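There are 2 protein chains.
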Amino acid sequence: MSNRYNESKLLVFNTLSRKKEVFEPLKSPFVGMYVCGPTVYGDAHLGHARAAISFDLIFRYLKHLDYKVRYVRNITDVGHLENDADDGEDKIAKKALLEQLEPMEVVQYYTVRYHKNMDQLNVLRPSIEPHASGHIIEQIEMIKKILDEGYAYEVNGSIYFDVEKYNASHHYGILSGRKIEDLISNTRELAGQSEKRNGFDFAIWKRAEESHIMRWPSPWGDGFPGWHMECSAMGCKYLGDQFDIHGGGMDLLFPHHESEIAQSTVANGKPPVRYWLHNNMITLNGQKMGKSLGNAMSLDDIFTGNHPLLEKAYSPMTIRFFILQAQYRSTLDFSNEALQAADKGMKKLFAGMETLKQLKTDKNAVSIDAKAIEKACYESMNDDFNSPMVIANLFEAVRVINSLKAVDGRLQPEEFEILKNLLQHFLFEVLGLNSEEGTGNFALVDGLMQTIIQLRQEARVRKDFTTSDLIRNKLGDLNIDLKDGKDGTSWEVR
Amino acid sequence: MSNRYNESKLLVFNTLSRKKEVFEPLKSPFVGMYVCGPTVYGDAHLGHARAAISFDLIFRYLKHLDYKVRYVRNITDVGHLENDADDGEDKIAKKALLEQLEPMEVVQYYTVRYHKNMDQLNVLRPSIEPHASGHIIEQIEMIKKILDEGYAYEVNGSIYFDVEKYNASHHYGILSGRKIEDLISNTRELAGQSEKRNGFDFAIWKRAEESHIMRWPSPWGDGFPGWHMECSAMGCKYLGDQFDIHGGGMDLLFPHHESEIAQSTVANGKPPVRYWLHNNMITLNGQKMGKSLGNAMSLDDIFTGNHPLLEKAYSPMTIRFFILQAQYRSTLDFSNEALQAADKGMKKLFAGMETLKQLKTDKNAVSIDAKAIEKACYESMNDDFNSPMVIANLFEAVRVINSLKAVDGRLQPEEFEILKNLLQHFLFEVLGLNSEEGTGNFALVDGLMQTIIQLRQEARVRKDFTTSDLIRNKLGDLNIDLKDGKDGTSWEVR
Numbered sequence: 001m002s003n004r005y006n007e008s009k010l011l012v013f014n015t016l017s018r019k020k021e022v023f024e025p026l027k028s029p030f031v032g033m034y035v036c037g038p039t040v041y042g043d044a045h046l047g048h049a050r051a052a053i054s055f056d057l058i059f060r061y062l063k064h065l066d067y068k069v070r071y072v073r074n075i076t077d078v079g080h081l082e083n084d085a086d087d088g089e090d091k092i093a094k095k096a097l098l099e100q101l102e103p104m105e106v107v108q109y110y111t112v113r114y115h116k117n118m119d120q121l122n123v124l125r126p127s128i129e130p131h132a133s134g135h136i137i138e139q140i141e142m143i144k145k146i147l148d149e150g151y152a153y154e155v156n157g158s159i160y161f162d163v164e165k166y167n168a169s170h171h172y173g174i175l176s177g178r179k180i181e182d183l184i185s186n187t188r189e190l191a192g193q194s195e196k197r198n199g200f201d202f203a204i205w206k207r208a209e210e211s212h213i214m215r216w217p218s219p220w221g222d223g224f225p226g227w228h229m230e231c232s233a234m235g236c237k238y239l240g241d242q243f244d245i246h247g248g249g250m251d252l253l254f255p256h257h258e259s260e261i262a263q264s265t266v267a268n269g270k271p272p273v274r275y276w277l278h279n280n281m282i283t284l285n286g287q288k289m290g291k292s293l294g295n296a297m298s299l300d301d302i303f304t305g306n307h308p309l310l311e312k313a314y315s316p317m318t319i320r321f322f323i324l325q326a327q328y329r330s331t332l333d334f335s336n337e338a339l340q341a342a343d344k345g346m347k348k349l350f351a352g353m354e355t356l357k358q359l360k361t362d363k364n365a366v367s368i369d370a371k372a373i374e375k376a377c378y379e380s381m382n383d384d385f386n387s388p389m390v391i392a393n394l395f396e397a398v399r400v401i402n403s404l405k406a407v408d409g410r411l412q413p414e415e416f417e418i419l420k421n422l423l424q425h426f427l428f429e430v431l432g433l434n435s436e437e438g439t440g441n442f443a444l445v446d447g448l449m450q451t452i453i454q455l456r457q458e459a460r461v462r463k464d465f466t467t468s469d470l471i472r473n474k475l476g477d478l479n480i481d482l483k484d485g486k487d488g489t490s491w492e493v494r
Numbered sequence: 495m496s497n498r499y500n501e502s503k504l505l506v507f508n509t510l511s512r513k514k515e516v517f518e519p520l521k522s523p524f525v526g527m528y529v530c531g532p533t534v535y536g537d538a539h540l541g542h543a544r545a546a547i548s549f550d551l552i553f554r555y556l557k558h559l560d561y562k563v564r565y566v567r568n569i570t571d572v573g574h575l576e577n578d579a580d581d582g583e584d585k586i587a588k589k590a591l592l593e594q595l596e597p598m599e600v601v602q603y604y605t606v607r608y609h610k611n612m613d614q615l616n617v618l619r620p621s622i623e624p625h626a627s628g629h630i631i632e633q634i635e636m637i638k639k640i641l642d643e644g645y646a647y648e649v650n651g652s653i654y655f656d657v658e659k660y661n662a663s664h665h666y667g668i669l670s671g672r673k674i675e676d677l678i679s680n681t682r683e684l685a686g687q688s689e690k691r692n693g694f695d696f697a698i699w700k701r702a703e704e705s706h707i708m709r710w711p712s713p714w715g716d717g718f719p720g721w722h723m724e725c726s727a728m729g730c731k732y733l734g735d736q737f738d739i740h741g742g743g744m745d746l747l748f749p750h751h752e753s754e755i756a757q758s759t760v761a762n763g764k765p766p767v768r769y770w771l772h773n774n775m776i777t778l779n780g781q782k783m784g785k786s787l788g789n790a791m792s793l794d795d796i797f798t799g800n801h802p803l804l805e806k807a808y809s810p811m812t813i814r815f816f817i818l819q820a821q822y823r824s825t826l827d828f829s830n831e832a833l834q835a836a837d838k839g840m841k842k843l844f845a846g847m848e849t850l851k852q853l854k855t856d857k858n859a860v861s862i863d864a865k866a867i868e869k870a871c872y873e874s875m876n877d878d879f880n881s882p883m884v885i886a887n888l889f890e891a892v893r894v895i896n897s898l899k900a901v902d903g904r905l906q907p908e909e910f911e912i913l914k915n916l917l918q919h920f921l922f923e924v925l926g927l928n929s930e931e932g933t934g935n936f937a938l939v940d941g942l943m944q945t946i947i948q949l950r951q952e953a954r955v956r957k958d959f960t961t962s963d964l965i966r967n968k969l970g971d972l973n974i975d976l977k978d979g980k981d982g983t984s985w986e987v988r
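Each protein sequence line maps, in turn, to chains A and B.
Read in order, the letters of the first sequence correspond to residues 1 to 494 in our numbering.
Read in order, the letters of the second sequence correspond to residues 495 to 988 in our numbering.
Heads up, a few of these hints could be off.
[As the list claims (entries may be wrong)] No more than 27 Å apart at the CA atoms, straight line, and that leaves these computed lysine-lysine pairs for DSSO-like:
1. B/K557 / A/K95
2. A/K237 / B/K673
3. B/K977 / A/K68
4. A/K94 / B/K764
5. B/K659 / B/K638
6. A/K405 / A/K344
7. B/K806 / B/K782
8. B/K977 / B/K957
9. A/K463 / B/K968
10. B/K562 / B/K673
11. B/K589 / A/K27
12. B/K914 / B/K869
13. A/K68 / B/K588
14. A/K63 / B/K610
15. B/K764 / B/K521
16. A/K144 / B/K731
17. A/K347 / A/K463
18. A/K357 / B/K513
19. B/K638 / B/K562
20. A/K474 / B/K690
21. B/K841 / B/K857
Since the hints were made in silico from the structure, they are not lab data.
Fair warning: this is a prediction, and the values are worked out from it, not measured in the lab.
Between the sequences and the hints, there should be enough to build the whole structure, so can you do that?
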């Protein structure tokens, strides 16, 4: 694969090896990437945003490097039980019962809202978005293979994966670093309380009790798939027995991804994934977020400012920029201060783009070594998608632009092109930011504002302060502030 | 069911009886409605818009009458073969092969675009939007029942519905009015060319050839469901063995809906649907629309004006209003003149709403019999969803509002409330129009425009024609026209 910047190779941190590795796709230029999507029984929150944006960044950068990426992100609409365990109610079915709806009405409602939020965050749609409930046959077929290989057993119409047997010839814990001995002591159970041979075994098919709504016929009677099965079956169906990248939040590392590896390895005879990538979590003022802790907030809450812990509403782009200001594997703490700083920082970058447009090219201008800044951006992305370093380099570019403007506003034509492309490629394409959100039709609004600013300027020249005051008051009613600087007047929505 | 306006009962034209019938849901206040959605292998065109808007109108009105509607509209992503026949390639698989994509990438791409178009047209999302490929098990189970009942036969791994046997005890043609004798003469085939016993038999399961990409295991070997099966299976799964309304375009009446009735009647022992509703087609300048006729245009073409037959771009709301100006069972001819007339008409209604806001209430004002206009709106909707009659009544309301404005601008407080609610309920809720599309953040843009209009007015007063010319030119650059009338100046985007 010839990257645009193959001077430095793309390194990705592989959870499997616990180190950064050179990224080499199985069938370059094709890349297969699977990421665990939401369980659609509630509104999307910050954790959903971080996972989606982290892998959106990776998807966008791989495409920028001219890879042909098939990106699969699933919708979990069945089989995900409470507490991510083998017992308890199905999360979707429970919500459906509460709301007196058919489970698929719950799924539709929250899927549409999830898509709306992701569109607001400028997260690209994946290439395929399969539903777990739409792939029951594929899951049953895979369970049959696992049974045929002898790594699962049936009890009363449920099928459990035999972790002890698997671990005798493979390594259950290869991804999470857990040891089966520790698992044994952590899952000791009272005798007779479970159908499982061992507490760490997990269900790959569950018998449906009479009252269970979501059920399908199977060779073992009516039931539904275990949570971990869907990703193994759909990853294999759309990306093959082995594919390049599997991503998800760190909270999914164990048991979900560990179990996926075991299932797929047994069914297909080889480990399913080359590179396992995991994004870190978001804390709120240093605390874990959760409904029981009273600090959970949905993305809609944040976008509207409708939560007691929020000082104001924060736009989707502010949230996106805030998330990209940390590398995806770092912890990230959510606070009003951090968001307001993110908002300021982002505006500074966009202002820098505008300033660049005002500069003039001159073959004899002093070089600013724009090439070095561009190189640094690629090196940052190639170092495990280090978006905060990219942002730091873009700030450096803006600093240079502003200092040129302060001197004589001239730079070399080639360097102008490099800076223009740099901002275009990284700010819009790779980081996926856009400056038009929040104001609707930005070009039209800006056109009207420029007209008004000019009218105000002319009123001032003729000392018509009635008119200039009228303009300021009218704009104030619309929550628009004018700022007079030495380069003219700018405007912003409060 | 106590409707808001139960003085007149809701009548719907039932294709099954070929007459208008009083609408009485099986389990009022619950209503189950199934509508055939798109086969997602290409961009949505006017036909998609008319079907979606017709049943969106019905969905909205039933909800307005306080029915609890479960609205299922499917996505066809497998089994729909070329020419809607039993032979030929699968439409999705063919497109996938052409584009060198996995079929589900094609499905995702066009489904996302379909949703975008429907959102632009302000079509509400259905309660459930099931994919055909996600319900293979349900289809296989239904095929098994049909086989068990003896109304289907297997040939080389394909299953065909036995129309002749069905017609001996039931009536194949009950919906479309076709006679099996006519079908026989129309489907006479050369002997040995088909696996079917009779040309009018239809596949409910097709054997997948080696090269066929979309395939699932079944009791009859690897294959895929026939096109008509999905709607029978998904309708039954989400709405029960019998439900209230089944809708779709008239082009689906035969063989699709006729075959659905036969399948479901055999599998469930009773006819599936109480009321069959069909929307009519759209012609273009009097001609049928189609790719081979060179006059096919996508919704995106229309919204951007990017087609040689279009004089300009037409906004999604103009298209919506144009479609609602015909009753859903009438033919509708698409032309530049008709669209421009629709655009004008719609703007007149919105202008009327603004004028209403300027009126003053006065207990002693003369009565305008607002109640009669409201009653006429309900009677129109209750007469098989006669949206053009509703629109005519709303124009009457606007005529009254304008004449009040011309006299002394006063009306009775109760009548003010009736007119306000009438416009709110019918224009926004039931017809589903909104005035803010096309200009993004309409309130902000309008606020800026009002400021500019005032500045222009003041410039004129002081005979400062330099300023007023500047304003006209600047707005011209932004494609905004000003119109001076006796009630002041209005603006519109060209």
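What hints, given by number in increasing order, does this structure fail?
Violated: hints 2, 3, 4, 10, 17, 18, 19, 20, 21.
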